[in-house]
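A.B. asks: Residue numbers (our numbering), protein chains in the order written: chain A, 1 to 117; chain B, 1001 to 1111.
Derived by calculation from the structure, the hints in this document are not laboratory data. Just so you know, even glycine gets a beta-carbon here, dropped at the ideal spot from N, CA and C. Treat the hints with caution; some may be incorrect.
[As the list claims (entries may be wrong)] Cross-link-like lysine-lysine pairs, in silico, DSS-like; alpha carbons within 25 Å at most: (1) B:Lys1110 x B:Lys1017; (2) B:Lys1041 x A:Lys24; (3) B:Lys1110 x B:Lys1003; (4) A:Lys78 x B:Lys1041.
[Claimed, not checked] With the Cβ distance kept under 10 Å, some of the chain B side facing chain A (calculated, not the full set): (5) Gly1016; (6) Glu1044; (7) Ala1103.
[Claimed, not checked] Pairwise CB distance ranges (calculated): (8) B:Phe1010 x A:Arg9: 21 to 31 Å; (9) A:Arg9 x B:Gly1053: 20 to 30 Å; (10) B:Glu1015 x A:Asp57: 24 to 34 Å; (11) B:Val1048 x A:Ile55: 18 to 28 Å; (12) B:Leu1071 x A:Arg113: 32 to 42 Å; (13) A:Asn52 x B:Asn1024: 26 to 36 Å.
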Amino acid sequence: DAGVIQSPRHEVTEMGQEVTLRCKPISGHNSLFWYRQTMMRGLELLIYFNNNVPIDDSGMPEDRFSAKMPNASFSTLKIQPSEPRDSAVYFCASNPGLAGSNTGELFFGEGSRLTVL
Amino acid sequence: ELKVEQNPLFLSMQEGKNYTIYCNYSTTSDRLYWYRQDPGKSLESLFVLLSNGAVKQEGRLMASLDTKARLSTLHITAAVHDLSATYFCAVVFDNNNDMRFGAGTRLTVKP
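Using the sequences and the hints, build the whole thing.
C.D. replies: Structure follows, in structure tokens:
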């Protein structure tokens, strides 16, 4: 069974450009998470969705960041305009939620490494 | 404020030695997770601890949870080089699906 799929794996862009990161969660998982990882700040939760609905976006750094989940199998994280301080690895993760016997553990994608020059 | 604190942040061990990584968290939770991350790779789930007193073991790693002390430990027995990685603990607060991570412990096992 395929895991969480992220694209692109690597992106290099110039300051001011729009960046779109994509994620396909594991089929049947109804919760999706976006995390950002940097050396200075570690793993930060940006936003998470339950059943395609954003539940908590308090971790989104500022208005330049937006995330959508138009259906159960696809999510995007957009940065517009991008800045050098946005350089990081962005991870998408999913889980089946906490209902029933689900343990709540997250299944991570391989990450998208973003470099903004 | 939701806080998850790990210590040590860096750990260099000799092969064959034992050591413990600690994870403290700030508010009530009965769901704690340990993940492993190899350099340049994704995070892999190691242990899920869902109740006070829970203990899980896999190979040379053993994790435990004390919800009253808000403390989890990850014990390494007779370390081997293959265990070199960064280990994260993570906590779900307020019984929702919001998982917060510690800063990670970078473990290096030397021959």
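A.B. asks: Each hint needs a verdict: does it hold in this structure or not?
C.D. replies: Evaluated hints:
no.	hint	in the structure
1	B:Lys1110 x B:Lys1017	10 Å, holds
2	B:Lys1041 x A:Lys24	18 Å, holds
3	B:Lys1110 x B:Lys1003	31 Å, violated
4	A:Lys78 x B:Lys1041	22 Å, holds
5	Gly1016	30 Å, violated
6	Glu1044	8 Å, holds
7	Ala1103	5 Å, holds
8	B:Phe1010 x A:Arg9: 21 to 31 Å	28 Å, holds
9	A:Arg9 x B:Gly1053: 20 to 30 Å	41 Å, violated
10	B:Glu1015 x A:Asp57: 24 to 34 Å	45 Å, violated
11	B:Val1048 x A:Ile55: 18 to 28 Å	21 Å, holds
12	B:Leu1071 x A:Arg113: 32 to 42 Å	34 Å, holds
13	A:Asn52 x B:Asn1024: 26 to 36 Å	34 Å, holds
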